[in-house]
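Novice: Chains as they are written, first to last, in numbering that gives the first Met the number 0: chain R, 0 to 510; chain B, 0 to 337.
Just so you know, these hints were derived from the structure itself, not from any lab.
Bear in mind that the values here come from a model prediction, so they are computed numbers and not experimental data.
Mixed in with the good hints there might be a few duds.
[Stated by the list, open to error] Covered stretches of chain R (chain B as the covering partner; in silico rule of three or more C-beta atoms under 8 Å from a C-beta of chain B):
1. 153-162
2. 405-412
3. 428-436
The C-beta atom is built at its ideal place from N, Cα and C for all residues, glycine as well.
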Amino acid sequence: MRLIPFLFLLLFFFFPLGMAIAPGILGSSGFTLTYLAQLLSSSYIQGIILFTVSQALASTFLALLIGFPAAYLLARFQFPGKGLVKAIATVPFVVPSIIVALGFILFFGNNGVLNRFLFSIGLPGVFLLYSWKGILLAHAFYNFPIPARIISSAWERLDPSFEDAGRTLGLSGFALFRRVTLPRLAPAIAASAALTFIFCFMSLGIVLILGGVKYATIEVGIYTLNSILLQPELAGALAFIQGVFSLCFMFFILSSAKALSFGESGLQPAQRPLSLPAKIGVLLYLSLMSILVLGPILSVAWFSFTGPAVPLIDVFPLLAIRNSLLIASSVLLITIPLSLALSRITSPFQGALVMLPLGISAVTLALGYVRAFSGTFLLSSLLVIVLLHSILAYPFMFRSISAAREKISASLLESARCLGANSWSVFRRVEFPLLKNSILIGAVFVFAISLGEFSAAYLAYSSSVYTMPVAIFRFLSAHDFRSAAGMGLVLMVISAFAFFLLGRMEKNERS
Amino acid sequence: MSALDVKGIKRSWPDFRLEASFSASDGAITSLLGPSGCGKTSTLRLIAGLDSPSSGDIRLDKKSILATPTEKRSIGFVFQDYALFPHLSVFENIAFGLRVRKKPEKEIEKKVSSLLSLTHLSGIENRDVFALSGGEKQRVALARALAIEPSLLLLDEPLSSVDIDLRKKLRSDIRKIQKSLGITTIYVTHDREEALSISDSVVVMKAGRVEQQGSPDAVYSSPKDEFVARFTGPANIIDAEAIAGGFVSFKGVDLRAGSKRLGPVKLMFRPEDSFVSVKKPAHGIELILESVSYSQCAVEFLFEGDIRSVMLRRELDFDPDEFTGKRLYLSVSRLSAF
Chain R
0 MRLIPFLFLL LFFFFPLGMA IAPGILGSSG FTLTYLAQLL SSSYIQGIIL
50 FTVSQALAST FLALLIGFPA AYLLARFQFP GKGLVKAIAT VPFVVPSIIV
100 ALGFILFFGN NGVLNRFLFS IGLPGVFLLY SWKGILLAHA FYNFPIPARI
150 ISSAWERLDP SFEDAGRTLG LSGFALFRRV TLPRLAPAIA ASAALTFIFC
200 FMSLGIVLIL GGVKYATIEV GIYTLNSILL QPELAGALAF IQGVFSLCFM
250 FFILSSAKAL SFGESGLQPA QRPLSLPAKI GVLLYLSLMS ILVLGPILSV
300 AWFSFTGPAV PLIDVFPLLA IRNSLLIASS VLLITIPLSL ALSRITSPFQ
350 GALVMLPLGI SAVTLALGYV RAFSGTFLLS SLLVIVLLHS ILAYPFMFRS
400 ISAAREKISA SLLESARCLG ANSWSVFRRV EFPLLKNSIL IGAVFVFAIS
450 LGEFSAAYLA YSSSVYTMPV AIFRFLSAHD FRSAAGMGLV LMVISAFAFF
500 LLGRMEKNER S
Chain B
0 MSALDVKGIK RSWPDFRLEA SFSASDGAIT SLLGPSGCGK TSTLRLIAGL
50 DSPSSGDIRL DKKSILATPT EKRSIGFVFQ DYALFPHLSV FENIAFGLRV
100 RKKPEKEIEK KVSSLLSLTH LSGIENRDVF ALSGGEKQRV ALARALAIEP
150 SLLLLDEPLS SVDIDLRKKL RSDIRKIQKS LGITTIYVTH DREEALSISD
200 SVVVMKAGRV EQQGSPDAVY SSPKDEFVAR FTGPANIIDA EAIAGGFVSF
250 KGVDLRAGSK RLGPVKLMFR PEDSFVSVKK PAHGIELILE SVSYSQCAVE
300 FLFEGDIRSV MLRRELDFDP DEFTGKRLYL SVSRLSAF
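From just these sequences and the hints, can you work out the full model?
Specialist: Below, the structure written as structure tokens:
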């Protein structure tokens, strides 16, 4: 019984992962560097790797630049509308990347909402799209909530006595920040930067849609090599390089997360009200942030009613909605018991192993599935997407549940046993009620991830099986902006509704 | 009848070894007393079946319970942190064991309300457990353990997180409830006063082993060794020579100590059994006072020579500060030797 969750991971994660990578590192006589060498000597691949790393670095820097002031504001100041700011800073995180790309086209596009507004008041337009600028901006927008959230929560927990000690020693203002506060925030900044980097590093939808033909990342490269150039060896080798790279980063994130938990304090630093010049600065920052965040989102809603419609093709919106909902619900049915079973793990090595899918790209995994299960019924049904999404999303559920499980003291379970409860009864009467909230939170995230996931659903492609994000992509490719936006709106409304339900349930729980 | 027999249980951890035997008679409170890390809680966990010994036997009512899983042992366990279920009310916490046993609703209500009044909790049964005070939590945990009518009650430092003022009252409440139900109880504590005042029998433990088991008076007045003597109360311990007839000779004075051996022994006496006088009494030991220091209810005399320091009761009929460097006489009314 205990082995079932591991067998599941073995069959639907490690096996396809191996199948994706093996052709790239295994020759006729075992391990070979041939393909890796061939790959790294190609100037096309060199360019791809260089672009992937540099765009991820630049995007991360930009996300930090946008997110840091938000973290500072949220951690240190009390002002009206703080809740709203928090909400706005959460929006991009819950919006699927395909919608981000869509929203950016509609808002920042050459003929988008922003430019039409600028033209109408006689100003020159901004042309960001189909270049690296659009990619960076979309990545920054999509990811700035990560530094904003992580840094602000670290900042809030910072022991104020360090700053007080700095003040008594004669420091103030920026010097105090640089010498006392910043070093204490460094682990949080590093962790959020690493996390942002890895998301940008593995991003597919945004690059595919906003980058045009000119810009390709490793993720796009793997897909191109395998499915268009038909060179599975090189695709496997590139997936291997990407995997090694992202796993190193994962390791870095996990070790800095450990450093993060050090030096917390229960003391709350005083949250100050804002001075007048600061107020103006904050207002400026917030309006820019709102335009960046709300502009693309609102454009999607706007275009879904008014955009130019090019009614066409064999994509049926209702079928896409049905597929997506069916897939997301099935993913929940798999990830909840899977994560519950896995969260009983106590060894750190196994714990790290279980988090591995976070460091493996959706494209690699999808290619592995195609290779591992070709010819089986799996590949011709929705089940392939359900399984892919389950693997990609369960780490979030697992994290949520195991964090809650760590807080359940062993004596609670032991006292239930002393009172006569067998293991099922202990689970039903004690563990489950105590984990319920974390399961719910995990479920909403898993549901939203599955609904918005694009790459895996796109690659495990068979024309009869498509999800909402894939439908959006197909509408976009056909320049049917109105249908794309309409589908996008439905997707956002469903996700938003899930998060709204979560908020309601949490509120009920508290009262 | 539910007497407990712990017979030579052994259990090893990488850095600790437990090896213990003791017994608890039916309807009595037997306390396990020892410093933290001596294996008291581990012993309790073995009795409850939350852990298994590598050898030895645990018998309840003369029958081995080692093969019985925890949930079938019917043992009430009050954990040190109380382990109240945070998602359940006071009522539901107490009712937990009854619900697991699928008792009818009416019976549950009756049982819980009688326990609520027994533990003076009536009126707060609908509260959330995190809104309770330390004393209330302790009583809910006790009521919950008692609800299943256990054949054995295990209390793991039940008062360690309660204010000192409240401790004495709760201690006597526990004693009263235990006596009224006549339930065999094992009480783990590192507080000697608690152990001596509440128990019928005390098991003194040290580094995974039982040092001595006996009535509170026996372990206090006739400790078996220096560790037990010091752990059960303030003790004066001096080196002496045992001579025939149970007498012990110290500085030429023969003292009755009930020693069964001959030769070098250690003599132990409690502060309250000894006093210092200016005039020489019969069997008084002559000593030169070096200095005096005061504490709460005792005075520590530092003497020159063989007896370095002696704790005494504070009640003195002279001012010891005036006698530094002078001759004083120590007499002891009760002694034990080991």
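Novice: Each hint: holds or not?
Specialist: So, going through the hints one by one against the coordinates:
1. 153-162: violated (count 0)
2. 405-412: Per the Cβ count (3), the hint holds.
3. 428-436: It holds: at least three residues are needed, and the stretch 428-436 of chain R offers 4 whose Cβ sits within less than 8 Å of chain B.
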